[in-house]
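Trainee: Below are the chains, spelled out letter by letter.
Protein chains: 2
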Amino acid sequence: MFIKKFYTMQTQTATNESTATKTIFIKMAISAWDSYNGRVTKLLATLTDEELLAETAPGRNTGIYLVGHLVAVSDGLFPILGFGERLYPELDKIFLESPDKSGHQMPSITELKEFWNKVNSKLSDHISKMPADEWFARHNNVSEADFSKEPHRNKLNIILNRTSHTSYHLGQLAYLAKK
Amino acid sequence: MFIKKFYTMQTQTATNESTATKTIFIKMAISAWDSYNGRVTKLLATLTDEELLAETAPGRNTGIYLVGHLVAVSDGLFPILGFGERLYPELDKIFLESPDKSGHQMPSITELKEFWNKVNSKLSDHISKMPADEWFARHNNVSEADFSKEPHRNKLNIILNRTSHTSYHLGQLAYLAKK
Chain A
2 MFIKKFYTMQ
12 TQTATNESTA
22 TKTIFIKMAI
32 SAWDSYNGRV
42 TKLLATLTDE
52 ELLAETAPGR
62 NTGIYLVGHL
72 VAVSDGLFPI
82 LGFGERLYPE
92 LDKIFLESPD
102 KSGHQMPSIT
112 ELKEFWNKVN
122 SKLSDHISKM
132 PADEWFARHN
142 NVSEADFSKE
152 PHRNKLNIIL
162 NRTSHTSYHL
172 GQLAYLAKK
Chain B
2 MFIKKFYTMQ
12 TQTATNESTA
22 TKTIFIKMAI
32 SAWDSYNGRV
42 TKLLATLTDE
52 ELLAETAPGR
62 NTGIYLVGHL
72 VAVSDGLFPI
82 LGFGERLYPE
92 LDKIFLESPD
102 KSGHQMPSIT
112 ELKEFWNKVN
122 SKLSDHISKM
132 PADEWFARHN
142 NVSEADFSKE
152 PHRNKLNIIL
162 NRTSHTSYHL
172 GQLAYLAKK
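In order, the protein sequences belong to chains A and B.
Per the working numbering: the first sequence = residues 2 to 180.
Per the working numbering: the second sequence = residues 2 to 180.
It is possible that part of the hints are untrue.
Treat identical chains as interchangeable: a pair holds within one or across any two.
[Said to hold, decoys possible] Calculated lysine to any residue pairs in the SDA-like style (CA-CA distance at most 20 Å, straight line): (1) Lys123 <-> Gly77; (2) Lys28 <-> Glu145; (3) Lys28 <-> His153; (4) Lys150 <-> Ser32; (5) Lys180 <-> Glu56; (6) Lys150 <-> Ala21; (7) Lys28 <-> Arg154; (8) Lys102 <-> Lys179; (9) Lys123 <-> Glu91; (10) Lys180 <-> Ser103; (11) Lys28 <-> Phe148; (12) Lys130 <-> Ile25; (13) Lys28 <-> His140; (14) Lys114 <-> Asp50; (15) Lys119 <-> Asp93; (16) Lys180 <-> Pro100; (17) Lys180 <-> Thr49; (18) Lys102 <-> Lys180; (19) Lys150 <-> Ile25; (20) Lys180 <-> Glu98; (21) Lys130 <-> Gly83; (22) Lys28 <-> Ala146.
I should point out that these hints are in silico values taken from the structure, not numbers from a laboratory.
The whole structure should be built from the sequences, with the hints applied where relevant.
Mentor: This is the structure we're talking about:
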């Protein structure tokens, strides 16, 4: 009886210690994700529609294309992280599968800003409810066989990678702002 | 005796589980860090000196300035992570404290590429030898008081943030490549 209680206590310690570690790491990853998304949102608020329609540098992607691209990539997280259906799957053809200036009809800047806010706010809802352990489970773009060999390819890793992806394009979008 | 052995065993389990969790996070963060540094190195190898001397977009930072900036920021990790003295502290005045075109004499592109490789290779040596627990300790730019309230401000968090910083400027450096 004593031993059983002791065992439970110790298992609890193992679980608590591991959960505490996980919680810290989740906080690190989600803080960075929120921070870069917030920087994009802030930049979008300062840019005029005319600025967003312009190329970020001569011959390079326009602002509107990059915004659509970021919305489509973030929207793609819903199925990958097991959060359900995508909100705007129709954006893929325009912003992921085609380059800028492909001739596809784009949504307006006003619509894209709405999509950006909606995707982020709905993702945040799911993220805030995700149990710690679930972040370290396999994401839906990796097979069970590969995951057993590479356990770092988990759901939280997707957040890390997407944060750097957002940051990459934020560096380009920043060129639309007046100096 | 039995209980003592049991206790040791269970403590071991707690430690092992927590260490395994930490090892996975560390792998996630360091993989991303290596990957973005590798992308910069690869890009630098494809750009001519003339391309690197050019502005990344009209009126924006030149390639050489951004490379110096990235070297200086990565070099700054040595003291922050407790890896010892910086290799090139003289770069701060030119690439961190001054904007581009400040009139400061810059090292040559050949020198900056050497510095970039040297800083990364020496950082990698230290990173590979860092014990797992140490990554979750306070870094040297946060006070003990603040760290006790915000335990996510640890050494590994610096790596996460610097990866996104590198990615931000990589997005800009990419504009130097011929289309």
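Trainee: Would you list, in rising numerical order, the hints stated earlier that this structure does not obey?
Mentor: none
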